[in-house]
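> Using the sequences and the hints, build the whole thing.
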Amino acid sequence: MATPNTPLWEVFIRSRNGLAHKHVGSLHATDATLALQAARDIYTRRGEGLSIWVVPSNAITASDPSEKGMMFEPAESKIYRHPTFYDVPEEVGHM
Amino acid sequence: MYTQALNSSDGEERHIEDAERAAQFQARIDAEERIEPNDWMPAAYRKTLTRQISQHAHSEIVGMLPEGNWITRAPSLRRKAALLAKVQDECGHGLYLYAAAETLGSSREELVDLMLAGKAKYSSIFNYPTLTWADIGTIGWLVDGAAIMNQIPLCRCSYGPYARAMIRVCKEESFHQRQGFEIMLTLCRGTDEQKAMAQDALNRWWWPVLMMFGPPDQVSQHSDTSTKWKIKRFSNDELRQKFVDATVPQAQFLGLSIPDPGMKQNEAGNWEYSAIDWEEFKQVLAGNGPCNRDRLAARRKAHDDGAWVREAAVAYAEKRRQRSTLQAAE
Numbered sequence: 000m001a002t003p004n005t006p007l008w009e010v011f012i013r014s015r016n017g018l019a020h021k022h023v024g025s026l027h028a029t030d031a032t033l034a035l036q037a038a039r040d041i042y043t044r045r046g047e048g049l050s051i052w053v054v055p056s057n058a059i060t061a062s063d064p065s066e067k068g069m070m071f072e073p074a075e076s077k078i079y080r081h082p083t084f085y086d087v088p089e090e091v092g093h094m
Numbered sequence: 000m001y002t003q004a005l006n007s008s009d010g011e012e013r014h015i016e017d018a019e020r021a022a023q024f025q026a027r028i029d030a031e032e033r034i035e036p037n038d039w040m041p042a043a044y045r046k047t048l049t050r051q052i053s054q055h056a057h058s059e060i061v062g063m064l065p066e067g068n069w070i071t072r073a074p075s076l077r078r079k080a081a082l083l084a085k086v087q088d089e090c091g092h093g094l095y096l097y098a099a100a101e102t103l104g105s106s107r108e109e110l111v112d113l114m115l116a117g118k119a120k121y122s123s124i125f126n127y128p129t130l131t132w133a134d135i136g137t138i139g140w141l142v143d144g145a146a147i148m149n150q151i152p153l154c155r156c157s158y159g160p161y162a163r164a165m166i167r168v169c170k171e172e173s174f175h176q177r178q179g180f181e182i183m184l185t186l187c188r189g190t191d192e193q194k195a196m197a198q199d200a201l202n203r204w205w206w207p208v209l210m211m212f213g214p215p216d217q218v219s220q221h222s223d224t225s226t227k228w229k230i231k232r233f234s235n236d237e238l239r240q241k242f243v244d245a246t247v248p249q250a251q252f253l254g255l256s257i258p259d260p261g262m263k264q265n266e267a268g269n270w271e272y273s274a275i276d277w278e279e280f281k282q283v284l285a286g287n288g289p290c291n292r293d294r295l296a297a298r299r300k301a302h303d304d305g306a307w308v309r310e311a312a313v314a315y316a317e318k319r320r321q322r323s324t325l326q327a328a329e
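Residue numbers (numbering that gives the first Met the number 0), protein chains in the order written: chain A, 0 to 94; chain B, 0 to 329.
Take these hints with a grain of salt, some might be off.
Straight-line alpha carbon distances no greater than 20 Å define the calculated EDC-like cross-link-like pairs of lysine to aspartate or glutamate that follow [claimed, not checked]:
no.: 1; chain 1: A; residue 1: Lys67; chain 2: B; residue 2: Glu32
no.: 2; chain 1: B; residue 1: Lys281; chain 2: B; residue 2: Asp236
no.: 3; chain 1: B; residue 1: Lys170; chain 2: A; residue 2: Asp30
no.: 4; chain 1: A; residue 1: Lys67; chain 2: B; residue 2: Glu19
no.: 5; chain 1: B; residue 1: Lys229; chain 2: B; residue 2: Asp244
no.: 6; chain 1: A; residue 1: Lys21; chain 2: B; residue 2: Asp236
no.: 7; chain 1: B; residue 1: Lys318; chain 2: A; residue 2: Asp30
no.: 8; chain 1: B; residue 1: Lys318; chain 2: B; residue 2: Asp304
no.: 9; chain 1: B; residue 1: Lys170; chain 2: A; residue 2: Glu47
no.: 10; chain 1: A; residue 1: Lys67; chain 2: B; residue 2: Glu31
no.: 11; chain 1: A; residue 1: Lys67; chain 2: B; residue 2: Glu108
no.: 12; chain 1: B; residue 1: Lys79; chain 2: A; residue 2: Asp40
no.: 13; chain 1: A; residue 1: Lys67; chain 2: B; residue 2: Asp38
Hints in this document: simulated from the structure, not taken from any laboratory.
Okay, structure coming up:
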């Protein structure tokens with residue numbers, strides 16, 4: 000008999016206070032409690048974290064890589080959004 | 000007629016588009032860009048990686064068995080704690096790898112079922128028995144040493160999830176190799192009997208370890224496309240040579256002799272080893288190694304014995320879900 004699939008979870012870990020949670024991988028578990036325990040065993044065996052988030056993978060909405068041009072190109076053409084676009088005379092010093 | 004004509008032109012267009020996409024894909028690989036799960040990829044790239052990553056995962060899981068054999072018989076608490084941690088790491092490595100394989104579209108359960116059915120391979124090395132404590136030292140020193148040699152270039156593999164899993168695995172493996180070498184060093188500095196035990200283990204593991212790098216370059220069937228796709232960065236023979244050159248001085252330090260009397264160092268400084276018995280490799284891969292049947296039987300038993308746990312977890316999650324739906328309805 001084929002083994003039934005269990006839901007997939009994405010795991011995020013905060014490695015120390017002051018840093019954001021970062022995606023570290025995924026795992027299978029039937030519920031959130033088991034997902035948290037499995038995340039501890041799989042992803043923090045060497046003190047990698049102080050805090051864990053687990054999120055059902057199907058709760059994530061992702062952008063489509065084939066539309067990344069449409070999605071991100073508008074930001075690339077607006078160089079005036081960067082400080083280096085503006086000339087400040089050297090005499091003015093650091094700004 | 001009309002529909003048919005439409006169909007065929009459709010098909011052709013798709014074919015042309017695929018050729019175009021394949022060329023774009025190869026250009027990305029050549030530019031050292033990483034491929035991510037939802038990116039377009041040739042079907043053969045997906046298939047090759049699914050096979051390679053899942054077999055790698057199966058190897059980590061089956062690899063727990065020969066070492067698990069010695070956990071209760073480790074000679075001290077220190078050794079026992081280290082061996083337990085190492086075997087737990089191998090399990091973790093298997094799970095990172097299954098997760099990486101799943102991003103290509105097959106579920107972990109499907110992949111595991113293929114292994115349990117004997118339809119997927121795992122590393123031939125785990126079909127050899129661990130007869131003495133010195134085998135645990137040799138596995139850490141040589142089997143993990145060879146695995147690291149293989150895995151370090153995989154950290155730069157073109158497929159992102161596989162490369163990321165390998166980075167984690169390599170970080171953790173270096174403890175495995177060092178604890179193995181420490182076991183060997185302790186035995187080699189011990190009584191004559193202990194040293195003889197270390198030599199005996201090296202004698203039995205040396206050739207199977209060299210086979211871990213796979214068939215020689217001229218007969219390896221997967222190498223060419225894997226190299227083109229930057230899944231593979233070095234050939235089997237290159238990695239094997241690197242491993243031999245790194246290992247010979249370590250064996251000399253231990254005062255052990257490598258069971259290859261014909262071995263000599265050439266002018267370039269490389270150690271030339273004698274011919275490998277590829278018939279043995281073929282036999283072990285075909286299921287006729289000393290432990291193939293045992294290993295699969297142990298995996299199947301563990302899977303079957305754990306079935307009630309999986310069922311109970313699913314039933315519990317379902318019960319909780321129904322209860323919260325009821326409460327929401329009140």
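> Out of the numbered hints, which ones does the structure contradict?
Violated: hints 3, 5, 6, 8, 11.
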